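Once you've looked at the hints, dock chain B against the given chain A.
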Amino acid sequence: MAEDLNWAIGGEAGDGIDSTGKIFAQALSRAGRHVFTSKDFASRIRGGYTAYKIRSSTDRVQSVVDRLDILVALTQRTIDENVEELHEDSVVIYDGERSWDAEIPEGVTGVDVPLKSLAEDAGGAIMRNVVALGAACQIADFPIENLDESLEKRFASKGEKLVENNKQAARLGQEYVEENYDDLPEYSIDTTDEDLVLLNGDEAIGMGAIAAGCRFYSGYPITPATDVMEYLTGRIDQYGGTVVQAEDELSAVNMALGAARAGARAMTATSGPGIDLMTETFGLVATSETPLVICDVMRSGPSTGMPTKQEQGDLNMALYGGHGEVPRFVVAPTTVAECFQKTVEAFNLAEKYQVPVYLVSDLAMAVTEQTFRPEEFDMDEVEIERGKVVDEDDIDQYLDEQDRFQPHYDAADGVSPRAFPGTDGGAHMSTGLEHNELGRRTEDTDERVNQVDKRNRKVETAEQEENWDYREFGDEDADTLVVSWGSNEGAMVEALDFLDDDGLDVRFISVPYIFPRPDLTEEVEAADEVIVVECNEQGQLADLLEHDTLTRLKRVNKYDGVRFKADELAGEIEAELEAEVTA
Amino acid sequence: MSSDIRFTDFKSDKQPTWCPGCGDFGTMNGMMKALAETGNDPGNTFICAGIGCSGKIGTYMHSYALHGVHGRALPVGTGVKLANPDLEVMVAGGDGDGYSIGAGHFIHAVRRNVDMTYVVMDNRIYGLTKGQAPPTSREDFETSTTPEGPKQPPVNPLALSMAAGGTFIAQSFSSDSQRHTEIVRKAIEHDGFGFVNVYSPCVTFNDVDTYDYFRDSIVDLAEEDHDPSDRDAAKEKILDADKEHQGVIYQDEDSVPYSDLHGLDENMAEIPDGAPEDAMDLVREFY
Numbered sequence: 001m002a003e004d005l006n007w008a009i010g011g012e013a014g015d016g017i018d019s020t021g022k023i024f025a026q027a028l029s030r031a032g033r034h035v036f037t038s039k040d041f042a043s044r045i046r047g048g049y050t051a052y053k054i055r056s057s058t059d060r061v062q063s064v065v066d067r068l069d070i071l072v073a074l075t076q077r078t079i080d081e082n083v084e085e086l087h088e089d090s091v092v093i094y095d096g097e098r099s100w101d102a103e104i105p106e107g108v109t110g111v112d113v114p115l116k117s118l119a120e121d122a123g124g125a126i127m128r129n130v131v132a133l134g135a136a137c138q139i140a141d142f143p144i145e146n147l148d149e150s151l152e153k154r155f156a157s158k159g160e161k162l163v164e165n166n167k168q169a170a171r172l173g174q175e176y177v178e179e180n181y182d183d184l185p186e187y188s189i190d191t192t193d194e195d196l197v198l199l200n201g202d203e204a205i206g207m208g209a210i211a212a213g214c215r216f217y218s219g220y221p222i223t224p225a226t227d228v229m230e231y232l233t234g235r236i237d238q239y240g241g242t243v244v245q246a247e248d249e250l251s252a253v254n255m256a257l258g259a260a261r262a263g264a265r266a267m268t269a270t271s272g273p274g275i276d277l278m279t280e281t282f283g284l285v286a287t288s289e290t291p292l293v294i295c296d297v298m299r300s301g302p303s304t305g306m307p308t309k310q311e312q313g314d315l316n317m318a319l320y321g322g323h324g325e326v327p328r329f330v331v332a333p334t335t336v337a338e339c340f341q342k343t344v345e346a347f348n349l350a351e352k353y354q355v356p357v358y359l360v361s362d363l364a365m366a367v368t369e370q371t372f373r374p375e376e377f378d379m380d381e382v383e384i385e386r387g388k389v390v391d392e393d394d395i396d397q398y399l400d401e402q403d404r405f406q407p408h409y410d411a412a413d414g415v416s417p418r419a420f421p422g423t424d425g426g427a428h429m430s431t432g433l434e435h436n437e438l439g440r441r442t443e444d445t446d447e448r449v450n451q452v453d454k455r456n457r458k459v460e461t462a463e464q465e466e467n468w469d470y471r472e473f474g475d476e477d478a479d480t481l482v483v484s485w486g487s488n489e490g491a492m493v494e495a496l497d498f499l500d501d502d503g504l505d506v507r508f509i510s511v512p513y514i515f516p517r518p519d520l521t522e523e524v525e526a527a528d529e530v531i532v533v534e535c536n537e538q539g540q541l542a543d544l545l546e547h548d549t550l551t552r553l554k555r556v557n558k559y560d561g562v563r564f565k566a567d568e569l570a571g572e573i574e575a576e577l578e579a580e581v582t583a
Numbered sequence: 001m002s003s004d005i006r007f008t009d010f011k012s013d014k015q016p017t018w019c020p021g022c023g024d025f026g027t028m029n030g031m032m033k034a035l036a037e038t039g040n041d042p043g044n045t046f047i048c049a050g051i052g053c054s055g056k057i058g059t060y061m062h063s064y065a066l067h068g069v070h071g072r073a074l075p076v077g078t079g080v081k082l083a084n085p086d087l088e089v090m091v092a093g094g095d096g097d098g099y100s101i102g103a104g105h106f107i108h109a110v111r112r113n114v115d116m117t118y119v120v121m122d123n124r125i126y127g128l129t130k131g132q133a134p135p136t137s138r139e140d141f142e143t144s145t146t147p148e149g150p151k152q153p154p155v156n157p158l159a160l161s162m163a164a165g166g167t168f169i170a171q172s173f174s175s176d177s178q179r180h181t182e183i184v185r186k187a188i189e190h191d192g193f194g195f196v197n198v199y200s201p202c203v204t205f206n207d208v209d210t211y212d213y214f215r216d217s218i219v220d221l222a223e224e225d226h227d228p229s230d231r232d233a234a235k236e237k238i239l240d241a242d243k244e245h246q247g248v249i250y251q252d253e254d255s256v257p258y259s260d261l262h263g264l265d266e267n268m269a270e271i272p273d274g275a276p277e278d279a280m281d282l283v284r285e286f287y
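Heads up: the protein sequence lines correspond to chains A and B, in order.
Numbered by our numbering, the letters in the first sequence go through residues 1 to 583 in order.
Numbered by our numbering, the letters in the second sequence go through residues 1 to 287 in order.
Here chain B stands alone, though its shape is the one from the complex:
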């Protein structure tokens, strides 16, 4: 790990195919900056992603990466991190990947509290399939498959995380580069599962949850007297559906990550070239 790493070192030579103006550019830039600021380099960083516009991130960043199947990026990240705790693991996903097809994994990744970072690019639309309703869209959001709106309330990912015992719950806005970077950095530095829901507007298929909408409605917790270690205050913010909050909403400062609880501190890639020395003990157990 060298100290002169710049965030551009995390950029690959591949130009993103995201639409011009897509929120994902800002989301990714913040991730790269936060990784550089926390002393990581491409050689020790592993990015996991699923399917959707968000899933392409592994191609545009320079690091170790796996672009997997839809909704399963969190289990992949879990395996990577537990197998080699020296790696910085960051999982990226979208609102469909994380809260629809992968919702089950999200809950359990939160509970498991593996020391990794989960960044969800929440644009409240299915962009890659050209505009259908995800679980975070509004009840009356009209799309090609929901002409009168989904008629279901949107999921509240922050509340899901809180209910599942989340130890770091945050939200940011891709356009607010400085704050977004700072929040992702805190998620990386958190001892446990650092979850950041990022408002990452889709300029092509969502004309409701736009940059203007978020700029006008976001309430930055940095400007309020919010204490992230205050669980009750955090719950109040999370359940306040009328506000779009930005900032670290909740952080358990006593969080103990899964690896520590299970005594995992070795790189599992390193094994001897034969059976373990005392392996015959395993056979003797069966006498």
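Bound-form chain A, shown alone:
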């Protein structure tokens, strides 16, 4: 663990915590160090405690741990909130000249740096966080030149002078520590030549959308999905697309539906409260067989819930939301890199099978900036499959005896031909009413049954044609099987090491497809113990897997609003296994 560095900056919302943290994360990433970040924040613009935490290593890191090596504390609360994570080699950087008297926990080294005064020396008090970054570089023995590039990237648009001032501020912080503290706990972190990119799940979804040919995005800002919209704004335009800010989520999903009817690859992204509204239109999207990607970046519910907290509570809504019965696909990426890949896949699935696809991510993934190798976002691998689109030349074979196009033609595989508006001879309507092959209202019993069966047949076709696989880690032959979905993968992969240290072999299956999904019957039967890990109270994936496998499964659930940490998760799994022994 010597190569790890766990660093954080905390203060009040409005203190520039997030941007400072990101500057440091970027500096580490550019120095070839893997980074995994997390944020503690409240839903308010100013005030309240907020922190940006970075775990960094020369190996891939995928989780936070209960450990802080260097903490930049702009408030006493920052220290108090993190006291459990500080250890005997921890260093707390604080500004003793400020009005509060820092209480440094016993055994922890306090480093008093006049952040504000030094920042003023460099050109302005606003740079005090950058002074702290310079101090942190000195303590971590991290070459400060790495910070320079990051500062350039952040401040380049604001002029050379400001960039130079910031570089100077960092150096003043570094020099202050160097001159005034010579007996600090020793950290020495390596840099590497590795090329790494640093991004979060929302950005990866946005990038995946552009790669997949998405041209139309409509949305309404909501935490934690807004980053998808902000990412696409200004970028999708470069590729002939647009972002429309709708008046509400009802409108957002209907705009996207309209664009999709016009033949564009369209998407909207929101969080639980927005999905509630979009559910009104969901059945129409599905029954009119319109390809649409609806992204739900889950946050804690119900109702307004805890808007800035983690939860995976929307699985049932994605699967069952809306009245009546109609197929939809539910895809849930398990890593930030997968947010990119699965977004591309979601667009292909939507168009090939003419279904709405719920792309379900979660807050932990959305706000985590994490390093990846650029190859994991391989644009050459992107293939766009549009399904059964017909044009003027081949439309004749899809017309009925009266030369009318049949948008809901009862095809053997369930997938009807699709004619984009503007195609001569393809004029047709579609409706949320039950309809016949022409897309016209029907209450005829045979036509009703045919259309329901046809829509369901698309699922059967997709189940056969597509690869609904899972990702697997750990020991394939272990007696204990852990299954999870969404962002828990990273913590669970690292938890395997902790479990291994305690002599426990575990097989871990991470499921990115919720519907259709892999059949885990054999895997469950092969294990003595099966534990399903998820960030919700009821165990929504566990319920599904119990239903699939007709087996009672154990559950580890976390619903306090905070993502799993690797060491904590390992402990929970061990406790769950022991509970069985003593029962």
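Derived by calculation from the structure, the hints in this document are not laboratory data.
There could be a bad hint or two in this list.
In the SDA-like style, the derived pairs of lysine to any residue whose C-alpha atoms are separated by at most 25 Å in a straight line are [as the list claims (entries may be wrong)]:
1. A:LYS454 with A:ALA478
2. A:LYS388 with B:ASP273
3. B:LYS14 with A:GLU401
4. B:LYS11 with A:GLN406
5. B:LYS243 with B:GLU285
Residues of chain A placed beyond 12 Å of chain B at every Cβ, according to the derived structure [unchecked claim]:
6. ASP4
7. GLU145
8. SER218
9. PRO221
10. GLU247
11. ARG441
Predicted model, so just to flag it, every value in this text is computed and none were measured.
Ideal placement from N, C-alpha and C gives every residue a C-beta, glycine not left out.
Only chain B this time, still in chain A's reference frame:
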């Protein structure tokens, strides 16, 4: 787009189930005529509709169409038009669809000024649910759910549109085929959001706002010396609650539609079969 398109080409082979004498027949005929007169054909026309008697229009017309959920036809039309600017997009709705459940979208569609046409069949009654009060009914209009009248003033859709920055505000009467067609045609030709509130009487459930009532009370702006580009004059007409006006009440001749302001002129349906050529630039941004 062929030049020999007749309005009957926009008729589907499906017979309307509207009550005999319903104003919606005239409203729809005018829409079809206006579409033909403006050089459109069924292959490039997209009709969006919501729920209610008005919502059935997509079935009776021959074109591309989506019959959606209640009140959301305008957002659908917005998406269609922005995704493919070559399409002629016409949104149809009723007074409930547009001014009650969809009122929020109406205001914002007006503000957004997307180049499409919105035709509201205003019969001042909920017909499909057999006679309840919509937002445009009179304060004392007695219905099954408002036995003593709604006791609320009716909304003034024209004023809503003006307040939201409408660039084309018009009103017509379904029975006056020639004028109605002409007004819808002007709405289609307008560069921006062309809004036409159409008096489209319900012969079954509304015995107050009848054909006779409208015939007697309509004041045609064509017969007055009204200049639609005069905003103040338009406001005066719109706020004159005692008169039922017919005609183009306001038109901003400098209107610039949303697509022009946002540089949208491509058909978004056309995409390559892989990621864009320079897509790795997007990844490099994150170094």
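These are the hints, each one checked on the structure:
1. A:LYS454 with A:ALA478: Since the Cα atoms of LYS454 (chain A) and ALA478 (chain A) sit roughly 42 Å apart, the hinted pair is violated (cutoff 25 Å).
2. A:LYS388 with B:ASP273: holds, 14 Å
3. B:LYS14 with A:GLU401: holds, 16 Å
4. B:LYS11 with A:GLN406: holds, 17 Å
5. B:LYS243 with B:GLU285: violated, 61 Å
6. ASP4: holds, 22 Å
7. GLU145: holds, 16 Å
8. SER218: violated, 7 Å
9. PRO221: holds, 15 Å
10. GLU247: violated, 4 Å
11. ARG441: Not fine: 7 Å to the nearest Cβ puts ARG441 (chain A) too close to chain B.
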